[in-house]
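Asks: If you read the sequence shown in this note's numbering, its first letter stands for residue 1, the second for the next number, and so on.
Just so you know, the hints here were simulated from the structure itself, not pulled from any lab data.
Where is the CB? At the ideal position from N, CA and C, for every residue including glycine.
Mixed in with the good hints there might be a few duds.
Unchecked claim - What follows is a set of in silico ranges between Cβ atoms, one per label pair, in the way DEER data are often shown:
| id | residue 1 | residue 2 | range |
| --- | --- | --- | --- |
| 1 | 35 | 90 | 30 to 38 Å |
| 2 | 38 | 60 | 53 to 61 Å |
| 3 | 30 | 60 | 43 to 51 Å |
| 4 | 86 | 52 | 41 to 49 Å |
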Amino acid sequence: MEKSRKKMALVFVLGVLLLGAMLGSLCGELIKSALPEGVVKEVFLRSIDISLGPGVLDLVMFSITLGFTLKFNLIGLVGLVVVYYLIRFWR
1 MEKSRKKMAL VFVLGVLLLG AMLGSLCGEL IKSALPEGVV KEVFLRSIDI
51 SLGPGVLDLV MFSITLGFTL KFNLIGLVGL VVVYYLIRFW R
């Protein structure tokens, strides 16, 4: 029972951290679109793309193609850190 509870807590924390990173990246993209050209905008333009290429499941009648890309930027990292501290003090 205790092992299952710890596993669920870990999944919850990882999910919330991922959500914080995604919300931070979204905020970064919104801020980036509002900024004028310059060095600050270039900092927001830089991102790291983590992707799992498309995988194809070809069944005779149809085929399914699935892929996954995660895009991190500076504000995404800030969002990740903020959510980490919120989880730490919330628990």
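Asks: Take the hints in turn and mark each one as holding or not.
Replies: How the hints compare with the structure:
no.	hint	result
1	35 <-> 90: 30 to 38 Å	32 Å, holds
2	38 <-> 60: 53 to 61 Å	55 Å, holds
3	30 <-> 60: 43 to 51 Å	44 Å, holds
4	86 <-> 52: 41 to 49 Å	29 Å, violated
Hint compliance for this structure: hint 4 is the single one not met.
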